[in-house]
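Asker: Please arrange chains B and C on chain A, whose structure you already have, making use of the hints.
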Amino acid sequence: MSYDTLRLSHEDGIDILTLYRPGALNAFNATMSAEIEDYFRRVNDRDEVRAVVVTGDGRAFCAGVDLSSGLGKFADPARAATTLAELDAHFDDESMRGVRDIGGRSTLAIYDCIKPVIAAINGPCVGIGATLTLPMDVRFASEDARIGFVFGRVGIVLEACSSWFLPRIVGMSRALEWCYRARVMSAQEALDGGLLRELVPGDRLLAHAVAFARSLIEVSSPVSIAMTRQLLLRNSAAAHPAEAHKAESLTLLHALTHDATEGVRAFHEKRAPRFTSSPSRDLPPFFADWVAGRRGPADAN
Amino acid sequence: MSYDTLRLSHEDGIDILTLYRPGALNAFNATMSAEIEDYFRRVNDRDEVRAVVVTGDGRAFCAGVDLSSGLGKFADPARAATTLAELDAHFDDESMRGVRDIGGRSTLAIYDCIKPVIAAINGPCVGIGATLTLPMDVRFASEDARIGFVFGRVGIVLEACSSWFLPRIVGMSRALEWCYRARVMSAQEALDGGLLRELVPGDRLLAHAVAFARSLIEVSSPVSIAMTRQLLLRNSAAAHPAEAHKAESLTLLHALTHDATEGVRAFHEKRAPRFTSSPSRDLPPFFADWVAGRRGPADAN
Amino acid sequence: MSYDTLRLSHEDGIDILTLYRPGALNAFNATMSAEIEDYFRRVNDRDEVRAVVVTGDGRAFCAGVDLSSGLGKFADPARAATTLAELDAHFDDESMRGVRDIGGRSTLAIYDCIKPVIAAINGPCVGIGATLTLPMDVRFASEDARIGFVFGRVGIVLEACSSWFLPRIVGMSRALEWCYRARVMSAQEALDGGLLRELVPGDRLLAHAVAFARSLIEVSSPVSIAMTRQLLLRNSAAAHPAEAHKAESLTLLHALTHDATEGVRAFHEKRAPRFTSSPSRDLPPFFADWVAGRRGPADAN
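For the record, the sequence lines run as chains A, B and C. Take the first sequence: its position 55, counting from 1, is numbered 55 in the working numbering, and each next residue is one higher. Take the second sequence: its position 240, counting from 1, is numbered 240 in the working numbering, and each next residue is one higher. Take the third sequence: its position 247, counting from 1, is numbered 247 in the working numbering, and each next residue is one higher.
These aren't lab readings, by the way, just hints derived from the structure by calculation. Ideal Cβ positions, reconstructed from N, Cα and C, are used throughout, including at glycine. Some clues are possibly wrong.
Derived DEER-like restraints, expressed as beta-carbon distance ranges [said to hold, decoys possible]:
| no. | chain 1 | residue 1 | chain 2 | residue 2 | range |
| --- | --- | --- | --- | --- | --- |
| 1 | B | E189 | C | S280 | 27 to 37 Å |
| 2 | B | E189 | A | R204 | 36 to 46 Å |
| 3 | B | F267 | A | S278 | 21 to 31 Å |
| 4 | A | S280 | C | P77 | 15 to 25 Å |
| 5 | C | D93 | A | E143 | 56 to 66 Å |
| 6 | B | G58 | C | D12 | 53 to 63 Å |
| 7 | A | D144 | B | A207 | 49 to 59 Å |
| 8 | C | A288 | A | F267 | 41 to 51 Å |
| 9 | B | F267 | A | H90 | 31 to 41 Å |
Covered by chain C, per the in silico footprint, the following chain A stretches (three or more residues, Cβ under 8 Å) [to be verified]:
| no. | stretch |
| --- | --- |
| 10 | 30 to 37 |
| 11 | 212 to 218 |
| 12 | 221 to 232 |
| 13 | 239 to 249 |
| 14 | 254 to 263 |
| 15 | 281 to 293 |
Sample of chain C residues lacking proximity to chain B, with all beta carbon distances greater than 10 Å (derived) [said to hold, decoys possible]:
| no. | residue |
| --- | --- |
| 16 | L8 |
| 17 | G23 |
| 18 | A34 |
| 19 | D47 |
| 20 | H90 |
| 21 | D92 |
| 22 | E94 |
| 23 | D137 |
| 24 | M172 |
| 25 | V184 |
| 26 | M185 |
| 27 | L199 |
| 28 | A207 |
| 29 | S280 |
Extracted from the complex, chain A is given alone in its bound form (with noise of 0.2 Å):
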């Protein structure tokens, strides 16, 4: 994999996923969008990756979206009368690039990944560059950090699914606060809110950042990991507990076959387990119907 505007490394199951667009403080463009996807689809394939840390090169996280030349190549004006319908039977297709946000393109991928995402904030952070981290797991940030939802100053609005991500975890009345306001905060304000875990000092940030990614990763199966991050994004919205039921029972059922032979083992020879289960070969073979199932067109209204 190699990507013109992200550098990756690795380290020890870490991997490190860095916005690189020097000389333009990691501006997101449709270039971006589709690497970040494509990495995020593809990372769920490599079992020896544990865990992602998203950060920014430079002295930025990422300034938003690249307004260099417009935002025309973004988006198509002459798709502006595009029906719900038409976008709900014409989801996945081709047709829809040009009508279909850039950024939403990204975080889906993120909201599917079957690892941790952690975000490491190192600098400004501000329109898609902050709405980028809300599908990620936990976000630190650099003290200096500064962070933006500023889309109604330029006459837009919040996009890559910001409006269903962040009221759940800032809460309605900030959401629509920050949303309103559309000011750039502090990374204390943003801590305040609720928005971040922690601030770190600029210099610590991302060690500090691999080494909460490594200790979510210790212990468990990585085939758990994988299953607890999807069971939790998806039924946090469902409508009603029971959906939640039908979908632990049968990660539950197939894990008997899997992880939990040693990992019950493993308990009762008091040492730690050595689970064997593959998050790309091992996931339950209700996964693909139970995540298609959910967002499929019929749904959306």
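Answerer: Frame of chain A; chains B and C shown alone:
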């Protein structure tokens, strides 16, 4: 617009809507329900109004439903056998007068509002007085305000869609505790529980709420603010982030031919934008379908 | 009602349900699952019970699922190819024994309960011990209790519908972190994370939880409390506030011919109300349809 139970004033873009039933602590009745609904349905067409502050006349915010002649005039006990299917099928029909909770008619209109709505709770705020504020974006209260979800005490239950709103604001444990107990609590307790943003001395409350409302609308495009409110309120409860993606995509696409052009130009010219789109005329074409689709009878069960 | 794995006592309106497997730290097994489900299904018919406190016998709350003879007796690995569609279609059938998670059977019964349910976590509370408390209204713990979502450590995943409940209580970031890590944490850490309401010295824990339960039911009508619990739990996850409006409207209408008459009269006479409606007989007519409709197989995907 002239109302019996409301007073309306306007200060440079901000409407101040005052619950007004002198001598009755602004108790809620069928007239006030109809007038609040009328106000909030109409304000969406008044572009000169950028935000709304709601407060109470005199020393109370709203003392609850007017019990002076019993509850019988708010609903028709002869209709008590109405089924969910009947209510779904005839939701908007005149025949459902006497069935549908009059508090919910008001709060659904506030939910549908496309302007920021700020509560300035200036005194007793009880029953429907309290639940009326839940679909508002931010709640301020005077230090001596008192707030109570007292329904159980008179043998009824939380209403005005508050079983949807309240747990999203204060969490499930606290929502259950407050409603079971049915106690009137201090403003401090409501603040500690996350219901309020801030306590303000009574003599500065209204000015504080108006200044706050003004701070929200200084920068963003009015259409952006309208769509931000509706995207956040509606997608926060969607089953999957792809639903947000669809609505955001169509909103962004529409913005490209409206306020985004000016927004991006102003950004490049390092000046304040001068947005010209109108929330009453220039919402995206998909908006009406989207709003209707999410509340269709077939969805409800 | 006589149970093998539970002890039941009653103190003036409050049932105390004690998880009871002496010598096994009250570890959860198939019998306990069936007995908890039986208890919570039946308690809805016992009007003399106004609230339930759940605790553990001896020094533990519940040490998790009983691993003494492996996990194989809780689910049938031969059924691992069951599809979501099959599970939906036969959800309540006997054929799904061996497929459906036994923890979820218990928590769905607690979710359906129409009385306040309070957890008094008196010691180790691990795995299903921890997830069993999530559908309860409020959780107290002794200062030396220890709590762990340790599923990943034995190669399984969070269960008992906890992928629905946990992020709603502690937020998504923390839910993911706790489950990935699979660590047993101190009561203080669980308190800081929002899982618990309060820590109480062990020797006063049960009395404290009982007094708290009593404080919830002092004033409100028993039918109001029943409907308050179900309206909040169910509508908190509805897609649109209009769903809450429908259920609340029909509940209010029914109350007019039941406890509201006495409630309003007592209010006018400035005396305590004497409610006579019975939760076992006097729930609104729409209730059964509403509860069934929200968990239908067709809804699940």
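Asker: Evaluate each hint against the coordinates.
Answerer: Each hint tested on the structure:
Checked against the hint of 27 to 37 Å, the pair E189/B and S280/C passes, with Cβ atoms roughly 33 Å apart. The given range of 36 to 46 Å is respected by E189/B and R204/A, whose C-beta atoms sit roughly 40 Å from each other. For the pair F267/B and S278/A, the supplied restraint of 21 to 31 Å is violated, since their beta-carbon distance comes to about 47 Å. S280/A and P77/C have their C-beta atoms about 22 Å apart, which keeps the hinted 15 to 25 Å range intact.
Distance hint check: the CB atoms of D93/C and E143/A are about 57 Å apart, consistent with the given range 56 to 66 Å. Here the CB-CB span from G58/B to D12/C is close to 43 Å, at odds with the stated 53 to 63 Å. A hinted range of 49 to 59 Å is violated for the C-beta pair D144/A and A207/B, which are about 35 Å apart. A C-beta distance of roughly 43 Å is found between A288/C and F267/A, which places it inside the suggested range of 41 to 51 Å.
With their beta carbons about 32 Å apart, F267/B and H90/A fall inside the hinted range of 31 to 41 Å. Coverage of a stretch by a chain is defined here by at least three residues with a beta carbon nearer than 8 Å to that chain's beta carbons; for the stretch 30 to 37 of chain A and chain C the count is 0, and the condition is violated. With 4 residues carrying a beta carbon less than 8 Å from a beta carbon of chain C, the stretch 212 to 218 of chain A meets the three-residue requirement, and the given coverage holds. Given a C-beta distance limit of less than 8 Å, the hint that chain C covers the stretch 221 to 232 of chain A holds, as 9 residues qualify and 3 suffice.
Counting residues of the stretch 239 to 249 of chain A whose CB falls under 8 Å from any CB of chain C gives 11; the rule of at least 3 is met. With a cut-off of 8 Å between beta carbons, the stretch 254 to 263 of chain A has 10 residues touching chain C; three or more are needed, and the interface restraint holds. With a threshold of 8 Å between beta carbons, the proposed coverage of the stretch 281 to 293 of chain A by chain C holds, since 6 of its residues qualify and at least three are required. No beta-carbon of chain B is positioned within 10 Å of the beta-carbon of L8/C; the least distance is around 22 Å.
At roughly 33 Å from the closest C-beta of chain B, the C-beta of G23/C stays outside 10 Å, upholding its exclusion from the interface. For A34/C, the non-interface assignment is confirmed: its Cβ lies about 27 Å from the closest Cβ of chain B, beyond the 10 Å cut-off. Look at D47/C: its CB is around 16 Å from the nearest CB on chain B, clear of 10 Å, so calling it non-interface holds up. Taking the minimum C-beta to C-beta distance to chain B, about 21 Å, the non-interface status of H90/C holds against the 10 Å cut.
Its beta-carbon lying about 18 Å from the closest one in chain B, D92/C satisfies the requirement of being farther than 10 Å from that chain. Distance check for E94/C against chain B: the nearest CB is about 26 Å away, which clears 10 Å, and the non-interface claim stands. The Cβ of D137/C sits about 5 Å from the closest Cβ of chain B, inside the 10 Å cut-off, so the non-interface label is violated. The claim that M172/C lies off the interface holds: its Cβ sits roughly 12 Å from the closest Cβ of chain B, which is beyond the 10 Å cut-off.
No beta-carbon of chain B is positioned within 10 Å of the beta-carbon of V184/C; the least distance is around 23 Å. With a minimum CB-CB distance of about 19 Å to chain B, M185/C clears the 10 Å threshold, and the non-interface call stands. Non-interface status of L199/C relative to chain B is upheld: no Cβ of that chain comes within 10 Å, the nearest being about 15 Å off. Its beta-carbon lying about 18 Å from the closest one in chain B, A207/C satisfies the requirement of being farther than 10 Å from that chain.
For S280/C, the condition that its CB be more than 10 Å from all CB atoms of chain B holds, with the nearest at approximately 17 Å.
The structure shown violates the earlier hints numbered 3, 6, 7, 10, 23.
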